[in-house]
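Trainee: All chains, full assembly: derive it from the sequences and hints.
What follows is the residue order along each chain.
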Amino acid sequence: MLLTVDGVEKSYKKGGMFSTKSQLVLKSISFECKDGECLGIIGESGSGKSTLGRLILGIEKPDQGKVLFDGKSVEDRNIRAGSISAVFQDYKSSINPFFTVEDAIMEPLTNSFKDDKENQFRVDTLLNQVGLTPAFKNKYPHELSGGEVQRVCIARAISIEPSCIVLDEAISSLDVSVQMQILTLLKKLKGIYNMSYIFITHDLQAAAYLCDRVIIFKEGQIEETVSIEQLKDVQSDYAKKLLQSLITF
Amino acid sequence: MASYILRRILIMIPLLIIISFVTFVLINLSPLDPAEVVLQSQGVPQITDQLIAETKEEFGMDKPFLVQYFHWFISCLQLDFGHSYVTGKPVWSLIGPAFLNTLKLTVVSSVAIIALSILLGVICAVREGKMIDKSIRGVSFFLTAMPSYWLASLMILYISVKLNLLPTSGMNSFKSYILPVAIITISYAGIYFRNVRTSMINNLNEDYVLYGRACGLSEKKITIHILRNSLQVAISIFGMAVPIILGSTVVIENVFAWPGLGSLSIQAILSRDFPIIQAYVLVLATAFVIFNTLSDIVNAVMNPKLRSNL
Amino acid sequence: MKFLKSISQDKIAAISFIVIVLTMIIGTFAPLFSPHDPNGVNMGLRYAPPSLEFLLGNDHLGRCILSRIIFGIRPSILWVLGALVISVLIGAVLGFLAGYFRGKVDAIIMRICDIMLSFPGYVMTLAIIGILGIGLGNILIAFIIVKWAWFARVIRTSVMQYSELEYVKFAKSVGISNLTIIRKHLIPVTFADIAVISSSSIGSMILQISGFSFLGLGIQAPNAEWGMMLNEARGVMFTSPELMLAPGLAIILVVSAFNFLADSLQIILNPKLSRTIKPKKNSPFSKIKNQEKEVAG
Amino acid sequence: MNLLEVNNLKVWDVNTGKEIIVNSSFHLKQNSCLAIVGESGSGKSVTCRAIMKLNKSYLRQSGEILFKGKNIHDLSEKEMRKKRGKNLCMILQNGMSAFDPSCVIGIHLRETLAEHFNWSKKEMSGRMKSAMESVMLKNPLEIMNKYPHQLSGGMLQRIMIALAIVLEPDIIIADEPTTALDAISQYEVIEQFKKLRERLGCSMIFISHDLAVVKNIADEVLVMKDGEIVERGKTAEVFSEPQHDYTKYLVSTRQVLSNHFNRIMEGEAVVVNS
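Protein chains in written order, with the numbering used here: chain A, 1 to 249; chain B, 1 to 310; chain C, 1 to 297; chain D, 1 to 274.
Here are the in silico distance ranges between beta carbons for each label pair:
#1 D:Ser120 x A:Pro97: 53 to 59 Å
#2 D:Glu19 x B:Val301: 44 to 50 Å
#3 C:Lys5 x B:Leu10: 52 to 58 Å
#4 A:Phe121 x D:Ser252: 31 to 37 Å
#5 C:Pro222 x B:Gln42: 26 to 32 Å
#6 C:Met237 x D:Gly17: 53 to 59 Å
In silico EDC-like cross-links for lysine to aspartate or glutamate, where the CA-CA straight-line distance does not exceed 20 Å:
#7 D:Lys138 x D:Glu191
#8 D:Lys248 x A:Asp175
#9 B:Lys220 x D:Glu77
#10 A:Lys92 x C:Glu164
#11 A:Lys13 x C:Asp106
#12 B:Lys220 x D:Glu79
#13 A:Lys241 x D:Asp182
One-sided and incomplete, this derived list gives chain B residues near chain C with beta-carbon spacing under 7 Å:
#14 Leu15
#15 Phe142
#16 Ala145
#17 Met146
#18 Tyr149
#19 Leu157
#20 Leu284
None of these hints come from the bench; they were simulated from the model.
For each residue, glycine too, the CB sits at the ideal point set by N, CA and C.
Mentor: This is how it looks when you write it as structure tokens:
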């Protein structure tokens, strides 16, 4: 078992300094993600799915429960290093504006592998793999389009050959046609590296395209977990309504 | 809402206690022995160890620190801040009237600042990037870079002495207010009108302005909506401005010989009259906290989004 | 280098920058630049108008005004800059600790800041001067004590905003150490913010300190300081008002240069701003000028 | 007859001289729904705002925009204002920011109606109430006394539709009205748009980047790219047999996703991630 989320809860303070209210964002969440599995987490904005993403990545600590990676807590950054990685939504801020594409990809690489020359070579290979050319190496993020930035981010994420990548709304701020290119790319890379994906999104169709299994999330709780083949036979009311409301092409 | 206001007021109590404690500690951090200071400021020619011991006993300085603080705190609650080292008069009889005078100057100036800032802010925002906007901002830049005491001195020289239009100093009639208020307004309005301008311009770019126009609302109605929203920001800024001005009229009061806290405190600092300094800090810090709380409350009442979050 | 290049494209910023650099050079090497001894009394030249030898004339004691202005740069500008740098450094260290690590450290630092900030800055400065005694050194110490909390607060906000950015989140999630993240990702971007904050506070600090000197709380005679010179000129204001001119204009020139530079820096150092022109909302600086410019000294 | 005719519309930025709309001509027939699709930055929104004459002041426009045969460029600002809302009604993307955050919703509605009709206060509330009920908003009177932040995006969107119902405009211009919504509200809002067309029989310009939504609602479609119209025609035809390469590309990428999804929903055995 690769990733285990066990009874996780998280709440945030609401309002200003003088407010005592707090809002429960996640309520006793438990699930598992197997090696090489692609797990979708579907939810509307504000359903707490992005908070869950941050907890899985160890950026935040849960109030209760555990997030385990191969049985060890992800809060320890040495557990995360080299085995877990991420791609985020906002492509405008996903690369340090002072970094070139090469710097950005090298950052996790030098953290995991020390051999500098080999790393240089890896950057070229990675850029090719995500459909860019090595000529992109010296560009700055503001010179790239949204789709190109996301490709660089994917290259950066796979550079350390992690066993799991969290994709937090990774395609949501892109144009629809570019979304499709990125999805195809992700599918291709999965074939090469055999990583597992945790694909957090509000777009059920995109999730259905990429994932083996989806968790339907509502108001901080898991409504239903269903494998893609059984998607048409969902049980819960919310999931049924969600499927009904889809406007298909 | 009521519970928010109550909470906000209740939280002032520990804050004020901490403030009083810090004020008390501050004076005791002085590198000089307070008893020695007393004797020095009374002009005692020869300070002997015995005299120091006697003075200590007289002022209760031989008691443990916390006991001293407690006594002082209790008497402060009764507006008894002790006696001036120099003149021996009760501190409150000096601070009280002076505070009132400073408050008068502050209130009049604040009203002038608010009126001028809103006027200029609106003009500049509506004419953003045009000549008038640029020139107003340019002039304000130089005015804010000008030392106010310098400007004040020049005004006294030309308007009061050479043209003999206004009194040079003191606080006798409404005429005495004109120059100090003008100077304070000039040095502050330059900053605050920029705030009004920025928040108006931000609002002009909001979607609700576009939708209002798309619905055919008249420009007058739209301007009222924009003003309403930008003034919210402005009000909270002004709420902070009043106590800041209250605490910083020192220089202007000094130039115009205004019988306020500023003049009193400079005197006290020069003669190291600690009880007065202590009371001065305490009174202004209290006013500062009260005004800040008030502006927070007004802000919360005005802004529906804040209000419903409480 | 990039910084100098972008500054040279903005005329006002370039001029301001040159004025400031020149002032600092002249102040640092004051003995080289000043034509006379700033404290040399010459009763024969009292109130003398400008001449070839004394370009700005002489004061009520016949001292060379130009030399006094040049030597006055040190306490009026350079020392103030020093005090600013120290309080910004204190503020930056605490602001980074609080803003990056959050949690208990944050809570403690912020509570202390809250208490510091619940005293009106000007009053606190006066009180500290009252206790320590008058003198420029004490004014500067008072300034450092009073200002750091405010810098810490603003820098914390800035650090917190940047820590939320996706590239910092990425670096955290792939297990890069906190020190590396702060060094490589946060310091470069917050540096711009810190530069803007500091440059916009320096103008009001110069004004405030000259104000204290004007009141006679600062540097003691016969040393030259601009506010002090104005204080001396005030004594003879009605008979020779021209003595107020040179130090007053010197202050206005330097303070406006700093203010203009601060404004331009805000645009230059923020690539987003310069492209869209529309000011960034909720920027940590929006409050700066209200809180900071407590008085035009 | 064409209700709206746009001939050689050009929009450019005065500061940079950049052309945002190169040269676009199109028309809107009575009772039809025209969709403008394209990716972000293709000039969809600018086109609509040009029709309303509501672009930012640094954008200038030229060409002819004929509304009922009359060029709106010849109208004075005052005459144009009378047309906005009453004849040309706009619906924005983000309801949260489209209403003044410090006023209750009702104030905006009442001010708008007062601008165009001489109705009494009671009549206004009455008409708004029934319009809001018809777009499935419960407790309309209560909603009118709420602030925008107290309502959801979907509700605000439906309030804008309800206002359009009362105003009975000739043309409704909807600028990405469903983009900011979650799936369920998106569905509900689209349903209301369809009903609105049936009910008022008005013409509509519908901007979207979501081809599925467009296919669902529009009769005709314009495809824009970099400020130019690259393809136009009946929705069904454009989507089934796209001519221009760009349209082909847009349609085909969308189809991959849909086909995959439809196969899953039809229960065919899908080879998932071979």
